[in-house]
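Produce the complete structure using the sequences and hints provided.
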Amino acid sequence: MAIEPRQPPSQLLPKLQRALGGRAGWSGFVLQLLFVAALAWISYEIVANARANLQAQRITAGFGFLANNAGFDVSQSLIPYSGSDPYTRVFVVGLLNTLLVSVIGIFFATLIGFLVALGRLSPNWLLARISGGYVELIRNLPLLFQILFWYLAVLAALPNPRQSISVFDSIFLSNRGLVIPKPIGEAGFEPFVVALLVAIVAAIILWRYARRQLFQSGKVIKVWPYALAMVIGLPLLSVLIFGAPVTFEVPVLRGFNFAGGSRLIPEFVALTLALSTYTAAFIAEIVRAGILSVHKGQMEAGSSLGLQRGSVLRLIVIPQAMRVILPPLTNQYLNLTKNSSLAVAIGYPDLVSVFAGTTLSQTGQAIEIIGITMGVYLLISLVTSAIMSFYGWRISRSMGG
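Position 236, counted from 1, in the sequence shown is what my numbering calls 242; the numbers after and before it change by one each time, with no gaps.
Don't read these hints as lab results, they were simulated from the structure. Some hints here could point you the wrong way.
Claimed, not checked - Quick list of the computed label-pair ranges, beta carbon to beta carbon:
1. G139 x P86: 41 to 47 Å
2. N166 x V53: 52 to 58 Å
3. F41 x I210: 54 to 60 Å
Please read these numbers as outputs of a predicted model, since none were measured by experiment. Just so it is clear, CB atoms sit at the ideal spot from N, CA and C, and this is done for glycine as well.
If you want it as structure tokens, here you go:
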């Protein structure tokens, strides 16, 4: 193995200066050292000031407070929770609520955004104008205003539980939220889930086979009847053999509220609607720009082959446009997740509200709680970016990029 010759100091200094981004000569190197020293001094002053303030308020630094009892209730919890649980449980409850509203918001924002983008590009004049008006109106209104609009002007204006809007005497909509029957698992639940998963996997395999045949030989295979038959037939067969997978607990009005069932609190509904519709307006413009970046000859070539407009968009145009769409689309997903912290304005128990809000007020552990909250949002953003980057890599690989 060859050994590289050792470089003289006269050649190492310019490389070090370029790595630090400084000017040429010793003056640039000295400026870099002074800048690093200034950063170290500012960091020391911040730490010393925080330590002095904690000692003055008799607050012990550390994470031991997480084991203390919280002493307050949370209006929505995806896991069992009571006021006697520790602050660690509060953190998990808030994190799950944040992830819930973020995932659902991303799903509906993507769906609405793609539909609005296709509407703006539609040859139908009325549909294109309505889609354009939606984009211009929604994205130019502050998100906080839209959250308050859905919460105060729409959901709060609904009737009280006694005069609630009823659907088949099983689903009730009122200013207390949406109450629906609660599913309760039975003995046939696991076989039902297994049959459903098998049917979905088989349908995906059929769809990929049909897609491969289309691109390789141009042969169109209609697989949706078989896929639909499997998705319906296999779970139905498991029900006939093992019995019903679930039973439903129907909500009943008792006094001034409902007992039983599952309730979607109005804060969750308002936040999800506002985040979805607001982010969808930006996603619509991203998708529209991505589709327009594909040369119009691709659409004309697909039409010359006898494909309908929808098939050309789905099979030819949008796969090519995804390279342009994905980077800004990822930014919108990150923005939606971070914007969910505005839930504190309407009392939705997300991570910022119950952990960086109520827990911080009760314990005074500001540095630890803010640090944990910052780390959680950073981790969520990095995971989201990694997933989208992997998806973009898959698309580039499938298209030979």
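Here's how the hints hold up against the structure:
The hinted range of 41 to 47 Å is satisfied by G139 and P86, whose Cβ atoms lie roughly 46 Å apart. Remark: the range hint 52 to 58 Å for N166 to V53 is upheld by a beta-carbon distance near 53 Å. Roughly 55 Å separates the CB atoms of F41 and I210, a value that falls within the hinted 54 to 60 Å.
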